[in-house]
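Undergrad: Sequence:
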Amino acid sequence: MNMNVVKGLLGAVALVMSASVMAAPQPPPLKAGLWEMQMQGGSVGGAGMPDMAEVSKAMKQMKAQLANLPPEQRKMIEAQMGNAGVSMSESGGIRVCLTEEDIKREAIPISDGKCSATVKSRTATRWVVSNVCTEPAMTGEAEIVFEGSTAYRVHVKGAVTEKGKQQPFDMKMRMQHVSSDCGKVKSASALQAEHQKQMQQLQKPRKPVR
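The numbers in the numbering used here rise by one with no breaks, and the one at position 34 of the sequence shown is 34.
Source of the hints: derived by calculation from the structure; they are not laboratory data.
You may find that some hints are simply not true.
In the DSS-like style, the derived pairs of lysine-lysine whose C-alpha atoms are separated by at most 27 angstroms in a straight line are [to be verified]:
| hint | residue 1 | residue 2 |
| --- | --- | --- |
| 1 | 184 | 165 |
| 2 | 163 | 184 |
| 3 | 104 | 163 |
| 4 | 104 | 31 |
| 5 | 172 | 75 |
| 6 | 157 | 120 |
| 7 | 184 | 75 |
| 8 | 120 | 172 |
| 9 | 165 | 31 |
| 10 | 31 | 163 |
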């Protein structure tokens, strides 16, 4: 299995799930702050997901390497990871940040616009959401079951495309509130504001070169 596909798919699913809980007119009473997604089983292209123990070991090795870098270089790399809108814990969980503003808004473009989610049906404790991503190219449908304000479970099925080849995937995961402090992980609203600022800069007329 291509680990880049798995990594991209996990990140995309995490972003889609964070968008899903914010995409309805009446979002559930979720707590703001840092949330972590833990895999509970799944497959991509018929192959099982990588062992989370292996992911955890790789994360610890990467953090050890970062610790040995010059302070300025280390800070730059850590900032780049946070700017992506997701991070990974030592246990292999994918972390995302939700603010009060994010949760209250009806719809939010997440990250750099590479994923979108639409709520198809909703009850007090169960939602069905369709999602589309462009990096990686992914379409799917997710069932979300809320356990309260600090946790919810997700079962998502769909297909991811790599090098023109479509591979089915089936994942089960659980989102858990970790902390009220998001640390260096930027929220969806912060990423959106940065994206809009960048677009405005690009749209400004340039002065002619003499």
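Undergrad: Please go over all the hints and tell whether each is borne out by the structure.
TA: Each hint, compared with the structure:
With a C-alpha separation of about 36 angstroms, the suggested pair residue 184 and residue 165 falls outside the 27 angstroms cut-off, and the hint is violated. Distance hint between residue 163 and residue 184 is unfulfilled; the C-alpha atoms sit about 33 angstroms from each other, more than 27 angstroms. With a C-alpha separation of about 38 angstroms, the suggested pairing of residue 104 with residue 163 is violated against the 27 angstroms cut-off. Our distance criterion of 27 angstroms between C-alpha atoms is met by residue 104 and residue 31, whose separation comes to about 11 angstroms.
Distance check on the hinted pair: residue 172 and residue 75 sit about 34 angstroms apart at the alpha-carbon level, beyond 27 angstroms; violated. A C-alpha spacing of about 15 angstroms is found between residue 157 and residue 120, which places the hinted pair at or below 27 angstroms, so the restraint holds. The suggested pairing of residue 184 with residue 75 holds, with an alpha-carbon distance near 11 angstroms, which does not exceed 27 angstroms. Between residue 120 and residue 172, the direct Cα distance comes to roughly 19 angstroms. Compliance with the 27 angstroms bound is thereby established for this hinted pair.
Taking the CA atoms of residue 165 and residue 31, the gap is near 39 angstroms; set against the 27 angstroms cutoff, the hint is violated. Note on residue 31 and residue 163: the hinted pairing is violated, with a Cα-Cα distance of about 39 angstroms set against a maximum of 27 angstroms.
Of the numbered hints given earlier, the model fails hints 1, 2, 3, 5, 9, 10; all others are met.
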